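Protein chains in written order, with my numbering: chain A, 12 to 214; chain B, 104 to 435.
If you are wondering where the hints come from, they were derived from the structure by calculation, not from laboratory data.
In this text the structure is predicted, and so the values were computed from the model without any measurement.
Even for Gly, the Cβ is constructed at its ideal location relative to N, Cα and C.
Errors might be hidden in some of the hints.
[As the list claims (entries may be wrong)] Pair by pair, the computed Cβ-Cβ distance ranges are: (1) A:Asp46 with B:Ile312: 25 to 33 Å; (2) B:Pro320 with A:Ile173: 15 to 23 Å; (3) B:Asp257 with A:Ile38: 47 to 55 Å; (4) A:Ser107 with B:Glu403: 29 to 37 Å.
[Said to hold, decoys possible] Capping the alpha-carbon separation at 20 Å, the derived lysine to any residue pairs in SDA-like fashion look like this: (5) B:Lys341 with B:Tyr237; (6) A:Lys45 with B:Trp262; (7) A:Lys56 with B:His316; (8) A:Lys56 with B:Asp317; (9) A:Lys56 with B:Gln302; (10) A:Lys112 with B:Met369; (11) A:Lys45 with B:Gln337; (12) B:Lys281 with A:Lys112; (13) A:Lys17 with A:Arg80; (14) B:Lys349 with B:Cys264; (15) B:Lys433 with A:Pro155; (16) B:Lys351 with B:Gln302; (17) A:Lys45 with B:Leu319; (18) B:Lys281 with A:Arg80; (19) B:Lys263 with B:His316; (20) B:Lys263 with B:Cys331; (21) A:Lys198 with B:Lys349; (22) A:Lys56 with B:Phe259; (23) A:Lys45 with B:Lys263; (24) B:Lys263 with B:Leu319; (25) B:Lys433 with A:Phe118.
[To be verified] Quick partial rundown of chain B residues pointing at chain A, CB under 10 Å, derived from the structure: (26) Leu303; (27) Asp360; (28) Ser363; (29) Gly398; (30) Phe426; (31) Arg429.
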Amino acid sequence: MYLYPKWIRIWHVFNAVLFIILIITGISMQYTGKDNPEYMIGFAKAVRWHNFAAILLIINYIAFVTGNRFTKNGRYYKIDKKNCLSDLLKQLRYYSFGMFKGEKHPFPVTEERKFNPLQKFSYVLAMYVALPLLIISGLGLLFPEITINRFLGVSGLIYTDILHITMGFFLSIFMLIHIYTCTLGAKPTSLFWGMITGYHRSE
Amino acid sequence: MNYFKFRIIFLFTLTSFCSLTYAGLFGSGEKAAVQDSTAFVSPFEADNQRCFKCHGQALYEYTNETLGRQVRDIMCSERIINKDEFYRSNHKSFSCTDCHSEEYTKFPHAGELRMEQMYNCIDCHGGDERFAQYHFEEIEAEYKKSVHFKLEKDGFSCWKCHNPHFYRISVRNNDNLKETIAYDNAICLNCHSNFNNFQLLTDRKEINIIQKHDWLPNQTAHFANVRCIECHTQLNNKVPVSHLIKPKEEAVRLCNDCHSQNSLLMASLYKFESREKRRNGFFNGIILNESYVIGANRNEYLFLLSIIIFMGVFGIIIIHIFFRIRNNSKNY
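Please put together the full structure from these sequences, using the hints given.
Set out below in structure tokens:
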């Protein structure tokens, strides 16, 4: 089943590579110190690469949103509020117990339903909530003169930075879970191959 | 309570709340500027006024007895001392003749008085128990090792940075750190971005400060939030402010020197901030009262929470993998 058009695959590769660069450089910036100035890649190099990768990520994100707006791919991100919670719990139960008991997948992949409810919910949260917040706060740090000067007695940069590292952290956790859940296909590697070839192999 | 009274009280309460909220939430954090100390009355005010009468403004008048008439003239800008500034300075309680010759009380001033040897800081402050806490001798020793000392034969002295008529200690006496930073940086820029003053001491070409700091990201933010001396001096805990200006090649260029948990700013710009102002949970929390330094102000609680979440997620994945492997081996 052909599920991943070429533009999605290209976007996805860029997104993955840029995100890995941003995580490595972000951790470098966070934890380098006077005693370990070259921790991972060092602060100065990390800042340059982080800024560069971030700008590319923003362009890539705009391409993603535009692509979803003007192609059919956008429909996969529409959450059905009606059975949202029960579907989420059903999927969570399957991952926790059902799959070990040999139960059938409650939401098998079709051309109309690329993502299961848990995937859809987490992708929407990641791509339409966390990533925009990460980008906005990142721009606030890249151009500190545009951030609020003071708020509740402290610099506006504190809130901007805390929001940025929190979103960055949650998206990193998301990536970890995303990579792991991608091993839950027909074979541990089949979903990865699907993202390379464009074809999804059903269980 | 009638309706009119209620409206008045309601409006008053609302206005007060809005004002307080605005000041508290959206205030720039800039506290009131340094108290105007012109209220200070010098014991030598009357004596000093004889000097300020001519040296306190751009125009002065005197009687030319030879010509037999009043003469109005322009005071050389170098000889004008702003009275208000003087009475706000560290030396506000001084009489002009404490440092200048008594002969200046006579007019016209004798020409050779201009050649008089001026005091240096250490002449008055050195070896005096009252000033022991400021370690002037250590400051003098530092100055002698600094790049500025090499210019002494060309006329450099303490006064080039610490104008005896206007200089006031800013970093310890001012609650507004941004104002202190601007004040202290203006001292450096007085020569380093004013070519007229610069070439009084050196034959070097004019320096473009902005270009010289091209490598520094977010220049505006750096220039507004740290003093030049943070990067251009050698830290020394024995003195209130380091006076060992290093050669430009030795200036701080590593971002981590400030942008890290053990930021050098804590030993320089923020060393006078009181411990009561600490903000718990944040590393180098004192900085947060005035500014925010990425890398130096990590929050230890968020750090712990992130480790717990990461380990939790990692643990769940390991457990899941374990059950998958066990399940697969059961099926085959």
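*Any CB of chain A closer than 10 Å to the CB of Gly398 (chain B)?*
holds (6 Å)
_Hinted pair, alpha-carbon criterion (20 Å max): Lys281 (chain B), Arg80 (chain A). Please report holds or violated._
Roughly 47 Å between the alpha carbons, so the hint for Lys281 (chain B) and Arg80 (chain A) is violated.
*Is the straight-line distance between the alpha-carbon of Lys263 (chain B) and that of Leu319 (chain B) 20 Å or less?*
violated (27 Å)
*Hint consistency between Lys56 (chain A) and Gln302 (chain B) [alpha-carbon to alpha-carbon, up to 20 Å]*: violated (37 Å)
*For the pair supplied as a hint, Lys45 (chain A) and Leu319 (chain B), confirm whether the alpha-carbon distance does not exceed 20 Å.*
holds (18 Å)
*Is Lys45 (chain A) close enough to Gln337 (chain B), meaning Cα to Cα at most 20 Å?*
Satisfied, since the Cα-Cα distance of roughly 16 Å is no more than 20 Å.
_Pairwise hint evaluation, Lys112 (chain A) against Lys281 (chain B), where the allowed Cα distance is 20 Å at most_ = violated (65 Å)
_Closest C-beta approach of Ser363 (chain B) to chain A relative to 10 Å, hint status_ = holds (4 Å)
*asked:* What's the verdict on Lys56 (chain A) and Phe259 (chain B), does the C-alpha distance respect the 20 Å limit or exceed it?
replied: violated (39 Å)
*Taking only the CA atoms, is the gap from Lys341 (chain B) to Tyr237 (chain B) under or equal to 20 Å?*
holds (9 Å)
*asked:* Please check whether Leu303 (chain B) passes as an interface residue: C-beta within 10 Å of a C-beta belonging to chain A.
replied: violated (35 Å)
*Agreement of Lys433 (chain B) and Phe118 (chain A) with the hint, judged by alpha carbon distance not exceeding 20 Å*: Measuring from Cα to Cα gives roughly 25 Å; hence the hint is violated.
Hints 6, 9, 10, 12, 15, 18, 19, 21, 22, 23, 24, 25, 26, counting from the list given before, are not met by this structure.
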